[in-house]
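J.: Read off the chains here:
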Amino acid sequence: MRAYLVRRFLFMVVGWWLLSVVVFIVIQLPPGDFLTNYIAGQEQAGTFLEREEIESLKLYYGLDRTPIEQYFYWAGRFVVGDLGRSFGSWRSAEQPVTKILAEVLPFTIILSTLALIFTFAVAIPIGIYSATHQYRPGDYFFTAVGFIGLAVPNFMLALLLMYMLFKYFDITAGGLFSPEYALADWSIEKVIDMLQHLIVPVVVLGTAGTAGTMRVMRGVLLDELGKQYVITARARGVSERKLLFKYPVRLALNPIVSSTAYILPGIFGGNAIVAIVLSLPMTGPVLLTALRAQDMFLAGSIVMVEGALVIFGTFLSDILLALVDPRIRQERAAAA
Amino acid sequence: MTEEQATVAAPESTAPTDEDVILELNDVRTYFELEEGTLKAVDGVSFNIRRNETLGIVGESGCGKSVTGQSILRIVPKPGDTQGNIWLRRNGETVDLASLHPSGREIRDVRGRDIAMIFQEPMTAFSPVHSVGNQIMEAILVHENVPKQAARERAIEVLSQVGIPEAERRVDALPHELSGGMRQRAMIAMALVLRPKLLIADEPTTALDVTIQAQILRLMQDLQKEMGMSIMFITHNLGVIANMADQMVVMYLGRVVEQGSVEAIFGEPQHPYTQALMQSIPRIGLTRGERLTSIAGTVPVPLNPPAECGFSSRCPKFIPGRCDADVPKMIETSPGHHVRCVLYE
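Here the protein sequences come in this chain order: U and S. Just so we're aligned: 323 in the numbering used here is position 323 of the first sequence, and the numbers increase by one with no gaps anywhere. Just so we're aligned: 347 in the numbering used here is position 11 of the second sequence, and the numbers increase by one with no gaps anywhere.
Hints are computed from structural coordinates only; laboratory data are not their basis. All residues carry an ideal CB built from backbone N, CA and C; glycine is no exception. Zero decoy hints are in this set.
Interface residues of chain U toward chain S, partial, derived using beta-carbon atoms under 7 Å:
1) R234
2) V238
3) E240
Hey, can you work out the whole structure from these sequences and the hints?
T.: In structure tokens:
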């Protein structure tokens, strides 16, 4: 088990490194460098920079060095938490990238985690039901609902839910807080208000992965249900319910756990339009504006941080997988 | 055998009166309603098993021998449905297993405790993520209200009884850590831990090496003597039947075509199908250059089968107008020896 964990951890570190190289290249890709864009921007705004000022900025960003040196310079600053400066694509203010991320990243992570939990909490029970009631009305119903959920765009669902919550439950779903709490100090009422506002985004972001996970759960479980070990257990008198949860469900969870690695990027990537529609402080809209304005330090940092989180999520799912399946612990340990 | 068992499709059946008969099948039919039609996997099978006796069931793949075994425990896969009577003698009374709900408490009570089953594939018979001991203990804990520790000790005991060395250590092994032969022993241990009265063995040695096969068969015979149980041995291997069984049943296309004692049937096989089977066994003394006889054609799929002898399409002694006119009756040709063929009518 320990050798397995060490190996997985090393994979994670290597993954982070590869990601950083890609992100650095992306940052460097647009014509001109950050500084020329910045100077041009300032000149448009009517401010002309002093030669010394430009020189010191050049030094700060390491633009006088070779690309490889620049990479290490950038990466070194990234590790200690200096992500460079945004030149003002977000809220028209030239400010450190870390400041923008501090506004949107924690909320994005919380929401993405909740959405992932929602996905599993809905998809796994439905998948189990569909598999045990194959080709019965309930199975057809959930299959249809699942495909509709897959086909309906997220923002559409967001608008629809917002409308329905407002009309029937008198809950305003946009934003993170109701106007009266937005500037208020933290209180129990404010937390409840926030949770109410979280329902729609969690449901909307969560449904995107639900249909797929549901189908995977159903398919794998159907496979497992016909296996000999299930029949053997039935033949020794184990009840159907206990049989289902002890053996095939547990084995069917295996691919679900590993699929976290591709559900998570979907949630991160899918949040832009939803966040705009629901006016939520998430990374998606920031990334979008940053890319359009070629604000490469901001865009690169978001891609880097979210990518790093996805790799971390994969690492967590690897640990979970080893806990669920003793064979993985042993085989990987032997291979290490 | 009584007259009653010799008749086919008796509409009404009563529980067997012979104390020595522990299981009696009467006109058991297991049909699968498929879109393509009705698949009659088991079509009116009747036989019985006596105390401490071994009954061999032979036939080619697809003849319904495995489904017969599954029908007894009511673990036929969907959409299979079992009709007829399956009388089991337990605790001094008889229960008709065919009348029980397939996932109900009563049949679950029978499974593992009165009748246990072992299967062909020792590789897949255990859940790969649970230890062998866990699954053996489960068999105990499902049926008896004993502490876990006691169940564990019994699991270790039964594992060493089936010849697994270092049972105290192996009890915690995952299935893939055991060899095929060891796993088959472990499966036998799991089936026998509650000392059932009847063990249904569905091709238990088919997936094993020949040397391991012999060990497993010997083990089963020893345990049978030790524990005093009956065995229903399902196989396509006539050699194994000759070795193991007292009585035998030959099945073809969901029906019993010949049944009787092993001596009687090996001594004088009567049904053309049984005769063909016997000729296809390799034997010592076969003249060099002489070829083994194979049976022409393949087993038809019993989908909406016509009312005729199922073997008629492959039978060398086929009589047009008779064999394909109706399903032949079961006839007792000598005491205890029954055959379903128009040649003996």
